[in-house]
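Protein chains: 2
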Amino acid sequence: MVPRLTTALSGPLLELERRFLDNAATIERWLRSQWQEHTPPFYGSVDLRNAGFKLAPVDMNLFPGGFNNLNVAFLPLCVQAAMSAVEKICPDARNLLLIPENHTRNRFYLQNVAQIAAILRRTGLDVRLGSLSPEITAPTTVELDDGASLLLEPLVRRGDRLGVDGFDPCMILLNNDLSAGIPDILRGLESQHLLPPLHAGWAVRRKSQHFAAYDDVASDFAKLIGIDPWRINPYFASCDEIDFHDRQGEDCLAAKVDGLLTMIREKYREHGIDETPYVVVKADAGTYGMGVMTVRDAAEVRGLNRRQRNKMSVVKEGLAVSQVIIQEGVQTFEEVAGGVAEPVVYMIDRYVVGGFYRVHTARGRDENLNAPGMHFEPLAFETCCTLPDQRCDPDAAPNRFYAYGVVARLALLAASLELERTSLPAGVA
Amino acid sequence: MVPRLTTALSGPLLELERRFLDNAATIERWLRSQWQEHTPPFYGSVDLRNAGFKLAPVDMNLFPGGFNNLNVAFLPLCVQAAMSAVEKICPDARNLLLIPENHTRNRFYLQNVAQIAAILRRTGLDVRLGSLSPEITAPTTVELDDGASLLLEPLVRRGDRLGVDGFDPCMILLNNDLSAGIPDILRGLESQHLLPPLHAGWAVRRKSQHFAAYDDVASDFAKLIGIDPWRINPYFASCDEIDFHDRQGEDCLAAKVDGLLTMIREKYREHGIDETPYVVVKADAGTYGMGVMTVRDAAEVRGLNRRQRNKMSVVKEGLAVSQVIIQEGVQTFEEVAGGVAEPVVYMIDRYVVGGFYRVHTARGRDENLNAPGMHFEPLAFETCCTLPDQRCDPDAAPNRFYAYGVVARLALLAASLELERTSLPAGVA
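These protein sequence lines map, in sequence, to chains A and B. To convert, note that position 123 of the first sequence is 123 in my numbering; the numbers rise steadily by one, no gaps. To convert, note that position 328 of the second sequence is 757 in my numbering; the numbers rise steadily by one, no gaps.
Everything labelled a hint here was simulated from the structure, so no lab data went into it. Every residue, glycine too, gets a C-beta built ideally from N, C-alpha and C. Among the clues, some could well be false.
[Stated by the list, open to error] One side of the interface only, derived from the structure: several residues of chain B facing chain A at Cβ under 10 Å:
no. : residue
1   : R448
2   : R461
3   : P505
4   : T552
5   : V781
[As the list claims (entries may be wrong)] Covered stretches of chain B, going by a simulated chain A footprint (3 or more residues, C-beta under 8 Å):
no. : segment
6   : 506 to 517
7   : 808 to 819
Let's have the full structure, built from the sequences with the hints guiding it.
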């Protein structure tokens with residue numbers, strides 16, 4: 001299903017979608033040539049925002065946690081894409097070790113882990129789950145809502161190889177974003193395929209590096225199909241040496257916020273957009289929508305009260321925030337069932353395999369929809385993202401989803417570039 | 430949907446399907462390793478027969494003509510598989526020339542051509558249709574039932590390259606089985622990718638060579654999962670220098686028929702199967718179910734009347750039959766909507782992308798269901814073939830379709846071996 005766009009500004013988006021549609025062959029060919037030069041991450045998910053006049057990624061997750069939210073009709077696509085990935089990475093693979101997040105009490109997340117394991121098993125891999133959690137000291141069965149269960153086992157390191165008891169994998173797939181740092185047990189595994197690489201984890205990764213790579217991708221792509229790259233690319237800036245508790249770095253932050261707001265205002269004028277510009281300040285490392293705030297005026301980042309400063313100063317695993325990214329806010333004009341909706345696109349290897357909407361009834365269209373404590377309803381895409389239909393309107397379901405799939409793959413390509421550029425020296429990995 | 434098996438012999442098939450299910454990981458891994466050594470044909474379809482005690486391919490088509498019969502829900506699988514194939518064959522491909530059969534008045538076939546073109550276009554290829562037909566001397570639009578149309582263009586040869594006016598393709602995809610011989614215009618195209626290769630056409634190809642390769646594949650596979658290879662492999666023999674008009678070769682035919690019937694009878698005894706053995710005599714080259722007869726006693730091939738001899742002596746394009754294959758008959762015990770049903774599985778590259786049942790209400794369970802003049806109803810598979818589910822019974826829909834997909838891929842692998850073995854010397858191609 002395609003949610004209703006509740007905006008009068010459908011003109012420009014239709015124009016963008018029309019451009020994608022008319023250039024579908026060019027786009028697919030270009031992407032194919034890009035994948036000849038760059039290796040896609042094993043998997044990923046992209047949060048998109050669709051403002052009517054702009055369709056852009058706002059976050060790229062390399063440890064996707066919502067495979068359970070995808071339409072089951074697309075499961076065969078996941079299996080086929082995973083087959084293709086496994087064949088390239090380790091064709092004679094027999095065993096795969098999946099390392100999940102430690103929060104084993106999140107029943108939604110556990111369903112995601114079960115789904116990833118199910119997909120991989122259908123490619124012909126023996127899949128076992130190795131846990132980084134200090135609580136898992138013996139094989140531990142956790143029950144799932146659907147009556148199935150998962151067996152979590154303690155990791156076993158033997159020399160330069162990692163596994164679980166009696167299980168030596170060819171591939172290790174991380175579904176743990178390493179927010180807490182790179183554990184020693186994961187270092188120096190040169191003889192095994194560790195995916196995604198360690199520097200894809202939030203211990204090393206920075207959103208600003210991703211969006212710097214995305215700048216390049218968006219710019220090349222925009223040239224390819226003749227659009228203003230801003231249509232698909234949010235402005236961003238970053239500040240280092242921030243300490244929200246000590247109010248350190250406020251000047252940098254205020255200056256960058258002001259600079260971005262000015263640039264956005266100009267673009268709005270250029271394109272005749274009658275909206276209030278805003279930016280989103282987020283921790284440069286980390287996920288789960290923690291350490292995020294929406295800002296409409298530079299003055300706001302100066303007068304933060306204690307509660308706001310506390311909220312911004314830590315992210316997942318209690319990590320202190322010292323670097324932030326300031327990103328152009330992209331409104332979401334999509335509405336599903338009375339709530340604002342944000343599309344999330346899932347990919348395995350270089351293939352779009354499905355997606356869902358995050359639907360919030362209690363949030364505004366310029367707010368972050370992936371926030372802790374916020375309940376969102378996942379709503380699986382009903383249509384897949386690879387079947388553009390030139391005979392239909394640009395906003396018909398297959399065409400809107402095609403546009404999502406294109407922008408999501410641009411973000412995936414940016415992640416490939418980002419990981420190439422940030423690759424750790426051999427000694428560290 | 431899985432049709433009802435109208436047999437008391439579901440025991441052995443359940444056992445076979447159970448074996449596939451229990452060994453799914455082993456099977457997938459083995460197939461992956463096989464595809465490392467052998468290149469799958471670009472596409473193919475396999476006719477299967479499911480006798481309850483036996484599940485086997487009876488024909489492997491390298492120019493599949495029923496993509497229009499597949500469940501549209503699986504179209505994304507087709508696109509993804511085609512993307513993977515194109516990437517391997519010619520990653521920078523821009524143009525693809527599709528060469529269809531000449532019978533442009535068959536509206537079902539034309540829908541198939543349109544579907545293949547639609548799949549390929551979605552991988553980012555510009556697709557045009559070049560016709561071998563002498564009737565197509567100028568660009569010719571043919572209307573389709575759904576209101577769309579196809580543009581057939583005359584082939585244009587320039588030096589060692591083939592295209593249509595103003596169109597120089599990197600890849601040429603044959604959907605014409607070359608029953609009438611290899612046209613000169615297709616020879617010597619060394620600088621373009623011609624798929625499948627010329628010797629996959631019926632001008633050169635022989636069913637007996639395919640099933641000889643299948644013998645090897647079935648034998649290896651049966652060892653892998655510990656089954657009698659006969660469970661998935663029909664016995665066959667062949668006779669050369671047959672002339673039905675002159676009654677030449679009757680002795681060879683009768684002897685081979687008798688030998689096969691004896692072998693089948695023995696297997697039936699061994700496995701306690703209470704059925705009447707039969708064989709199918711078919712032209713060794715050719716398709717469309719022409720030149721096919723069912724034989725239950727060697728005496729039958731001696732006393733052929735004029736009508737029967739005429740029927741057996743020519744196949745498509747009026748070609749004379751001089752070689753025949755005699756194949757163990759495999760009953761079909763599947764029934765859909767009161768008619769006997771035969772599954773047909775479709776593949777692109779090494780991926781199963783869907784399938785359908787041929788359903789005949791007027792035919793028996795030991796008769797050929799792909800016969801000229803016979804009307805069959807295609808019934809698309811509702812479930813895909815890559816999602817075996819160990820928690821369900823072996824004959825639950827996902828598991829039965831998984832079994833179909835496995836046997837179909839064995840036939841596809843046999844086709845790869847066959848094409849390697851029968852590869853033409855460079856001068857001929």
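Here is how each hint holds up against the structure:
1. R448: violated (15 Å)
2. R461: Status holds, d = 6 Å.
3. P505: holds (4 Å)
4. T552: holds (6 Å)
5. V781: holds (9 Å)
6. 506 to 517: holds (count 8)
7. 808 to 819: Answer holds; 4 residues pass the 8 Å Cβ test.
The structure shown violates just one earlier hint, number 1.
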